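Protein chains: 2
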Amino acid sequence: MRKFVGERAKRLIANNTIASVVKLNQYQTSSTLSSSNNCCNRSHLPRLNSPLNSHLRCYSVMASKGSKTAPVTLETLNPKVLECEYAVRGEIVSIAQKLQQDLQTNPGSKPFNEILYCNIGNPQALGQKPITFFREVLALCDNPSLLDKRETNGLFSSDSIARAIMVLDQMPGRATGAYSHSQGIKGLRDTIAAGIKARDGYPADPDDIFLTDGASPGVHMMMQLLIRSEKDGILCPIPQYPLYSASIALHGGTLVRYYLDEATGWGLEVSELKKQLEAARQKGITVRALVAINPGNPTGQVLAEENQRQIVEFCKKEGLVLLADEVYQENIYAADKKFNSFKKICRSMGYGDIPLVSFQSVSKGYHGECGKRGGYMEVTGFSTEVRQQFYKLASVNLCSNISGQILASLVMSPPKVGDESYDSYFSERDGILKSLARRAKKLEDAFNSLEGVTCNKAEGAMYLFPRIQLPNKAIKAAEEAKKAADAYYAIRLLNSTGIVVVPGTGFGQVPGTWHFRCTILPQEDKIPAIVSRLTDFHKKFMNEFRG
Amino acid sequence: MRKFVGERAKRLIANNTIASVVKLNQYQTSSTLSSSNNCCNRSHLPRLNSPLNSHLRCYSVMASKGSKTAPVTLETLNPKVLECEYAVRGEIVSIAQKLQQDLQTNPGSKPFNEILYCNIGNPQALGQKPITFFREVLALCDNPSLLDKRETNGLFSSDSIARAIMVLDQMPGRATGAYSHSQGIKGLRDTIAAGIKARDGYPADPDDIFLTDGASPGVHMMMQLLIRSEKDGILCPIPQYPLYSASIALHGGTLVRYYLDEATGWGLEVSELKKQLEAARQKGITVRALVAINPGNPTGQVLAEENQRQIVEFCKKEGLVLLADEVYQENIYAADKKFNSFKKICRSMGYGDIPLVSFQSVSKGYHGECGKRGGYMEVTGFSTEVRQQFYKLASVNLCSNISGQILASLVMSPPKVGDESYDSYFSERDGILKSLARRAKKLEDAFNSLEGVTCNKAEGAMYLFPRIQLPNKAIKAAEEAKKAADAYYAIRLLNSTGIVVVPGTGFGQVPGTWHFRCTILPQEDKIPAIVSRLTDFHKKFMNEFRG
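As you go down the protein sequences, you meet chains A and B in turn.
The first sequence begins at 1 in full-length UniProt numbering and counts up one residue at a time.
The second sequence begins at 1 in full-length UniProt numbering and counts up one residue at a time.
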């Protein structure tokens, strides 16, 4: 629905230029209209802009020396905001929320009794329990006076108490309620750096760590730093997690697509990177960075080490910043696959100077602590002066939340053999990861058993991204309903079964192909019912539209 | 120091255009240089841009159809980032951090034994204790399994247990580790709306509340929505909290200054607003919003109700969005002053339709929970379609952190008479607020007793903003050291006493006047030593530079 508000705005502006100028002119003196027309007619200048952008830029020049300011409407909002889309929480979620309300006020009114949110990687919303050790440490840090009381020993594990004391000692004045250093508390960054070293076998510098409220603000910060205008481009995988397209749109840059190859399990081919880079350069785009999501979102593939080396070599050769989304590094399900950080790959190739940003989050992994909004980025290969600009940007928002900072340090340094919590920690972690692998397999098999559906294996991450061959009649019905065909399918699925998936359109896909993203996160006891509802729905849908 | 890196970048680009083009050209084909020159020579177009901006825009056009992308340097970063400044964590804090390291490695090496951070409103960093009730609820929500254990009753107050249960019940699946609704958990927004109604006497709609990670992200979101180009302006008080200037710079808009009148206790005159608005419009700026900070930061004044009515009337007449920074609403020290929210003022005038955004934060007030990064904005007077764009922007970052959300609800609904925690809550709160009032008075008196210093009363907020009449010799010495005169004073003060204040330059001031901002937050037992160190330093400084 929101998407269509944006569409309406674009139509409004593209089709009704005259009416729109007249309307705006109520609020401006007429003396400025001529300069506005001048501006619109600068046909000798490169056409860098979308029609929406350039019209509104004209409006912006026009809107001078007036009396009352025009009210805030879609026409007077920042057009970059209008252009930004975010499917993971788009129309489909609005419909789901409405259905959920209906179910609450009128139980039994739908052919299902609950909404299953498979649209977003939000494990605890679907019943996953938090890791006990992490939450014990957080509770003690929130209320350190517990550490002075005898009863606490009976309520908390000894190592959570020890860790809370260690964490508190790392904070100036033990103040968990104070703003920290703009990059995050130094002691916590030390812990994270040690965790990275243990993971990679190469040292990490705590001064390279920027703690963030989840991975998203880090991605926005990098886009803000790198994008100067629509002539700056960022190479992104298609399909991609729409944070990237949204952030690039908000910062006014150009999304330069490279396609993952579905036929080879969503392979990332360097030849495709080269082709798209050249094409963008031919259009006058300065490509500044390459986004690699590993393990893949929404595609679930885990990059092979050799492939990663090729990507690093490509970035080095072409002068690109490598933005490595590594938030699913703990989520590996394929026995023959292993996560390698891009930093480890770079170091193993002897490259210390390549500009590389690795994003990590507490929201993913086996812990799935989305609500805590913790994460970090490790920033290497930039000059001191550029780094100072990163620091300045981080400073403007003062610091990320301290609970999220603490949790990021715990994730990178969980209990070790011999700690009191180790057994429970290991069994919780192992239980979740093994269960996720089983759920992924069951859903993958279910999708592959459906008529016209093919689904690659989820080697990692939290998603499956099946492809659907939709009958022509269904595609036509979707056109009549003014929906993308996969959105039409997803809305019908939701209304019939309560299962929320995200249409492939939201992530990007090869034109003419249709997909949807489905998380593997529903609890295991719900999977059989999901599979059966999905199968029933799909059969009926295909029968309805069979040619 | 960071500021000077920015300066260096600007000089580099402004003075060395030819060298810089040659350097950039290593990475581009020569065929694009001519179009770049074309672009630089568009003298018929309105000169909207700073020299830095326009040069880099030219570069951006130039940087097309090349081979390797130019490396990330100051010259190739987003110029808006370079232009942004944030004094509260600027050069002075870097020097302080260095001194603190020196003190740790070499105690006794300085004429002081600790650094007193009076640069930022960060109460718990200076020893203020958190409110017990708030932290009890947070700890229980972090580790809900405590609620199943008998020992918990001995460790937590009964109302903190009841509140934690209530809060958990408001969360779908009681999942504190899940992403919430993009605007925040509905039940918590209900509580906040009820708190606003109790405060104002007018209803509040939970759907108007957007929970945020502190106030800063809300301010950024509004700037992102409203600013289309450098032709859009935002009216901001001078002096102002530099979040506003930084955010406007980052989003590419124009800061339109209105001056508070120091002679009348930092009065906000509508005649001044009109004058600056007209002047901006004459320059072709579309002024889109007015920022009012009440209680004032850095100035500490509390607006009178009649003055607020004038401001509302002005915004209505001129079509401006009113951005009301009300994060210090609990921090009132003057017996004859009272906080009135702008929403209450609007409603009391019968205006329901004026676009108004009120920012609130858990970082300030008597609680000062900066590290929790909680806050909200209440958004009223916008159309449904525009509101959907707010929602979309909030969605791109998924949600604010849940602990911060919970805390925001507690702050707007603290214990009530009859609750087990009420007495301790009231005494903690009252103790902090009374002590802050005493500290403000002592520091104000101390400043006013210094030669050439005048200081208005802190009626509210957490700061004093004394004015210093610096001797000409000191101003000359500062020029020689390439510092603003107040920055020179502040650095000398820091090096002599360990007291960190922020020079007035960072907030803006009438040209030719010098100020600094000093928080009233050091614990009360430290105030006498601060006053005596400050007085000694000031006497010596004035004697050194006496004409």
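Hints may be right or wrong, so weigh each one.
The list treats identical chains as interchangeable, and a pair is accepted whether it falls inside one copy or across any two copies.
Once the Cα atoms are required to be at most 20 Å apart in a straight line, the calculated SDA-like pairs of lysine to any residue come out as [what the hints assert, rightly or not]:
1. K149 to I161
2. K129 to F314
3. K186 to A96
4. K186 to N448
5. K434 to G352
Please keep in mind that the hints were generated in silico from the structure rather than gathered at the bench.
Treat the numbers as computed from the prediction; the structure is a model and nothing was measured.
Broken hints, by number: Numbers 2, 4 and 5, in rising order.
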